[in-house]
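Each chain is listed here by its residues.
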Amino acid sequence: MSDPTPRFDPSVAADFLVSRAHNGWLGMRFSDHGEDWVEMELPWREDLLGEEGRDVLASGPIVSLLDMAGGLSIWTRTGEFRGIATLDLRVDYTRPARERKSVFGRVQCYRTTRSAAFVRGIAHDGDPDDPVAHMQAVFMTIDKRTVDLPADRKAEQANG
Amino acid sequence: MADAPDIALLTPYARSLGIALDRWEDNAPVLHVDFSEAVLGRPGALHGGAISGLLETAGYGALRAALAETGREASFVPINITVQFLRAGDEKRSYASARIVKLGRRTANLSVEAWQEDPAKPIASAVMNVMIRDVT
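From first to last, the protein sequence lines are chains A and B.
Counting from 0, one number per residue, gives the positions in the first sequence under numbering that gives the first Met the number 0.
Counting from 0, one number per residue, gives the positions in the second sequence under numbering that gives the first Met the number 0.
None of these hints come from the bench; they were simulated from the model.
Keep in mind that the hints are not guaranteed to be accurate.
Some chain B residues well away from chain A (every beta-carbon gap over 10 Å; in silico) [stated by the list, open to error]:
1. Ile6
2. Arg14
3. Arg22
4. Arg41
5. Ala64
6. Ser74
7. Pro77
8. Ile80
9. Ile99
10. Ser110
11. Trp114
12. Gln115
13. Glu116
14. Pro121
15. Val134
To spell it out: a stretch of chain B is covered by chain A in this simulated footprint if at least three of its residues, at any positions, have a beta carbon under 8 Å from a beta carbon of chain A; those stretches are [unchecked claim]:
16. 31-40
17. 82-95
Glycine included, each C-beta is placed from N, C-alpha and C at the ideal position.
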């Protein structure tokens, strides 16, 4: 039995998936992953500040980072790249990020059902044991079919 | 319509994303963001993170306006935000405005909605808790 679609691999696909649109504009990049979690990095950038005069990333980009890491964690856990949409997302900001620091979003998909996926994670600025934020979110599957990545990515994944 | 208070509504991030003041309504700013590559998520739909950024910016704007009315100048520290994504945002202009549910001495609770053509059909809503630090 041959499976035409290789298992979703965030170390191959993530940087491609965040290369455009809002994620590309933010400058997100892949950092690390496990079986059911993905970590993405958002490098510090002058025009993403949340307050004039303080060199700290705004909270908006941190929501985007955690949202994307959440989606990637679902595809990583299930091994399938499918259309999903965020239904509900909560972020608790436990401390301010340090000045001029990258922020990392590490999110785990801990449960999937036929049409929902539950994720939770943290944002940190270098030490995962000292998070700047905690998040919890629910995503819905909007497309039951597995979406094929573009051909060149599939080949890369297959060669993996 | 009240005169627009002379306050900074937009953070560097908000300006960079393309968020702008649309109008004042009930003493709170209505903000908008035009469709661009910077707010696009999956093909054809706005990114949830960009919508969250618009919601958050509208929340802080309403809070800053309310504090300015009473002569308070403060800096804000976000406590949390819970966003409900209600509809996919199309590739067109989006709006957002906030209602202050509770304004206390140290914290504020805000209810924010974002919509596109019809305010009665919000694309997202949020509840925000914000810590207020008075500038003395």
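Here's how the hints hold up against the structure:
1. No Cβ of chain A comes within 10 Å of the Cβ of B:Ile6; the nearest lies about 12 Å off, and the non-interface call holds.
2. Not every beta carbon of chain A lies more than 10 Å from that of B:Arg14, the smallest distance being close to 8 Å; the non-interface claim is violated.
3. In this structure B:Arg22 is separated from chain A by more than 10 Å, as the shortest Cβ-Cβ distance comes to about 22 Å.
4. Distance check for B:Arg41 against chain A: the nearest CB is about 7 Å away, which does not clear 10 Å, and the non-interface claim fails.
5. Every Cβ of chain A is farther than 10 Å from the Cβ of B:Ala64; the closest lies at roughly 17 Å, confirming the non-interface assignment.
6. Once the 10 Å rule is applied to beta carbons, B:Ser74 is inconsistent with being away from chain A; the minimum gap is 7 Å.
7. Taking the minimum C-beta to C-beta distance to chain A, about 5 Å, the non-interface status of B:Pro77 is violated against the 10 Å cut.
8. Some Cβ of chain A comes within 10 Å of the Cβ of B:Ile80; the nearest lies about 5 Å off, and the non-interface call is violated.
9. Look at B:Ile99: its CB is around 18 Å from the nearest CB on chain A, clear of 10 Å, so calling it non-interface holds up.
10. With a closest Cβ-Cβ approach of about 15 Å to chain A, B:Ser110 is found to remain outside the 10 Å limit, as its non-interface label requires.
11. For B:Trp114, the condition that its CB be more than 10 Å from all CB atoms of chain A holds, with the nearest at approximately 17 Å.
12. Consistency note on B:Gln115: stated as away from chain A, and its beta-carbon is indeed over 10 Å from all of that chain's, at 16 Å minimum.
13. Consistency note on B:Glu116: stated as away from chain A, and its beta-carbon is indeed over 10 Å from all of that chain's, at 20 Å minimum.
14. No Cβ of chain A comes within 10 Å of the Cβ of B:Pro121; the nearest lies about 14 Å off, and the non-interface call holds.
15. The Cβ of B:Val134 lies farther than 10 Å from every Cβ of chain A, with a closest approach of about 12 Å, so its non-interface assignment holds.
16. Only when three residues or more bring their CB closer than 8 Å to a CB of chain A does the claim for the region 31-40 of chain B stand; here the count is 5, and the claim holds.
17. With a cut-off of 8 Å between beta carbons, the region 82-95 of chain B has 4 residues touching chain A; three or more are needed, and the interface restraint holds.
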